[in-house]
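Generate coordinates for the entire structure from the input sequences, incorporating the hints supplied.
If you read the sequences in order, they're chains A and B. Under full-length UniProt numbering, the first sequence has 16 at position 16, and the numbering climbs by one with no breaks. Under full-length UniProt numbering, the second sequence has 175 at position 175, and the numbering climbs by one with no breaks.
Treat the hints loosely; a few may be bogus.
Which copy is meant is left open, so a pair is good if it fits within one copy or across any two.
In silico DSS-like links for lysine-lysine, alpha-carbon gap of 30 Å or less [claimed, not checked]:
1. Lys24 <-> Lys265
2. Lys206 <-> Lys265
3. Lys265 <-> Lys34
4. Lys265 <-> Lys126
5. Lys34 <-> Lys24
6. Lys34 <-> Lys168
7. Lys265 <-> Lys168
8. Lys206 <-> Lys126
9. Lys168 <-> Lys24
10. Lys206 <-> Lys34
11. Lys126 <-> Lys24
12. Lys34 <-> Lys126
13. Lys126 <-> Lys168
14. Lys24 <-> Lys206
15. Lys206 <-> Lys168
The set of hints was computed from the structure by calculation and includes no laboratory data. Bear in mind that the values here come from a model prediction, so they are computed numbers and not experimental data.
Single-letter residue listing:
Protein chains: 2
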Amino acid sequence: MDRIAILGTGLIGASVGLALREQKFPGTIFGWDKDPAQLGIALSRGAIDEATEDPVTAAVSSDVVLLAGPVFSILEWIDQLGPLLTSRQLITDVGSVKGAISERAARNFGGIGQAACLPGHPMAGKEVHGAEHAEASLFRDAVWLFTPLATASPATALETEWREWVTKFGCRTLDLDPARHDELCAWVSHLPQFVATAMSALLEDKFAGDADMRAIGGRALREMTRLGASPYSMWRDVAHTNTEAIAGSLLALEQRLMHLREHLKTPELRDEFDLANRFRAGRFRP
Amino acid sequence: MDRIAILGTGLIGASVGLALREQKFPGTIFGWDKDPAQLGIALSRGAIDEATEDPVTAAVSSDVVLLAGPVFSILEWIDQLGPLLTSRQLITDVGSVKGAISERAARNFGGIGQAACLPGHPMAGKEVHGAEHAEASLFRDAVWLFTPLATASPATALETEWREWVTKFGCRTLDLDPARHDELCAWVSHLPQFVATAMSALLEDKFAGDADMRAIGGRALREMTRLGASPYSMWRDVAHTNTEAIAGSLLALEQRLMHLREHLKTPELRDEFDLANRFRAGRFRP
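See the structure below:
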């Protein structure tokens with residue numbers, strides 16, 4: 001890998017650029033973003049070497065193309081770049097929903113004469129977005145998930161090399177089937193996000209401007225609503241492309257909260273605390 | 001204040017002892033806990049000077065009595081110590097629910113010949129309990145709420161001094177009416193706890209032993225379930241004594257989650273994110 005094109009130089013894309021640099025990537029990093037301001041920040045922070053206004057040319061002339069925008073933008077790029085990339089290239093991404101992306105990718109990549117494709121998803125992020133918050137260390141101790149195409153031939157050298165870079169960023173990698181990825185992420189990532197959004201929105205509706213509420217809220221409130229700051233622009237695409245799994249997890253939590261509410265004064269409450277205690281006693285990284 | 005008796009030397013009680021020592025309290029700190037192990041840890045960590053097996057004598061012979069066990073234990077101590085304490089003494093507490101405590105305290109304290117009483121509640125804590133986790137710094141930058149008795153005469157010197165100590169611990173103090181305290185705390189403290197408990201219990205039910213789920217879960221999951229480790233022994237009393245307000249906040253969140261679930265693919269989702277973003281943009285400490 002001598003040349004990489006990062007399409008989307010927001011928080012994740014720019015963090016990948018910074019992580020490549022920190023790990024002494026010797027090649028060239030091209031960057032493009034639909035928002036010129038983000039692109040400028042990524043360039044000035046050294047996350048990319050060259051800011052381009054022509055993402056297609058940058059992609060076509062790179063060894064690896066990293067799609068790092070919201071899910072719908074990734075789907076569009078897959079369609080657009082599919083006919084243009086060649087079998088000497090690798091396309092990968094960082095989208096949070098892998099079913100739709102893998103399905104679209106399978107039509108465009110991994111076949112004879114087509115570029116290789118390795119859909120990916122780093123389990124890392126922040127509630128703030130934008131290249132100004134990017135960090136080389138963002139991926140340290142995170143898991144970088146891959147959902148290899150079912151149709152794909154044996155891994156190409158670029159695929160192997162990309163996995164090595166990701167490992168150098170400090171990630172453990174894990175391969176999953178796309179459907180299982182989306183189901184698991186609905187529970188461990190999307191549900192926490194939507195609960196934080198709902199709780200924050202509810203509190204804003206009920207207490208906007210109440211200084212006492214703000215003064216009293218401690219670590220519990222800050223943590224449980226931190227993700228309330230997350231941008232709609234990213235999560236809209238997740239909600240649209242993993243709807244069923246997210247709705248399932250939300251419904252299950254609604255029912256669980258109802259159960260707890262109906263048992264605030266019964267011994268069933270102890271069972272809920274016991275289960276919750278057990279969940280937290282289990283180690284998060286086996 | 002020359003002598004203080006801390007009844008309940010768990011996380012909060014022992015942290016108060018450590019904070020007093022850090023702030024050069026020159027007097028004697030007596031400690032008692034129904035669990036001899038907790039008492040031993042508090043003593044060995046220097047949170048108390050003297051471990052007693054006779055809490056009544058310690059209370060009667062102290063200037064200030066701090067009740068630092070679960071809410072029901074505080075109610076019992078109020079009843080038991082009411083007739084024994086005198087107008088030269090102050091009784092205070094750290095219970096999370098103030099309506100029940102203030103009502104019970106008003107019967108026993110604040111009248112002619114009775115001890116002064118200043119119910120309190122530091123908005124600080126951890127998901128882990130016990131004196132081994134106590135820290136002098138636990139209260140730094142927190143708010144210590146007080147709900148003075150309606151019947152109370154002007155603040156006694158001990159009351160003023162206790163407020164000064166709390167300020168030295170690093171707290172800002174805020175006085176609230178007990179009913180308003182319980183309503184606000186239902187939303188900013190109890191709701192986050194019960195949501196974390198429900199989410200943790202749900203995930204344990206659904207994914208117990210699933211190594212992939214554990215591996216994938218990142219900061220969002222860890223944060224949103226951290227309070228799942230909280231002890232039933234403490235929260236049972238909160239659930240029993242602030243039931244109505246907690247049930248109201250849980251029901252409101254259930255409805256909000258349902259709304260969000262039904263609008264995963266509509267523009268209403270943007271409204272929820274906008275409100276949530278606004279909540280997080282507001283400062284937590286005015």
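Here's how the hints hold up against the structure:
no. : hint              : verdict
1   : Lys24 <-> Lys265  : neither (59 Å within a copy, 42 Å between copies)
2   : Lys206 <-> Lys265 : both (26 Å within a copy, 25 Å between copies)
3   : Lys265 <-> Lys34  : between (54 Å within a copy, 24 Å between copies)
4   : Lys265 <-> Lys126 : between (37 Å within a copy, 23 Å between copies)
5   : Lys34 <-> Lys24   : within (27 Å within a copy, 59 Å between copies)
6   : Lys34 <-> Lys168  : within (28 Å within a copy, 52 Å between copies)
7   : Lys265 <-> Lys168 : neither (51 Å within a copy, 37 Å between copies)
8   : Lys206 <-> Lys126 : both (26 Å within a copy, 26 Å between copies)
9   : Lys168 <-> Lys24  : within (10 Å within a copy, 49 Å between copies)
10  : Lys206 <-> Lys34  : neither (37 Å within a copy, 40 Å between copies)
11  : Lys126 <-> Lys24  : within (25 Å within a copy, 41 Å between copies)
12  : Lys34 <-> Lys126  : within (20 Å within a copy, 43 Å between copies)
13  : Lys126 <-> Lys168 : within (20 Å within a copy, 34 Å between copies)
14  : Lys24 <-> Lys206  : neither (50 Å within a copy, 42 Å between copies)
15  : Lys206 <-> Lys168 : neither (46 Å within a copy, 33 Å between copies)
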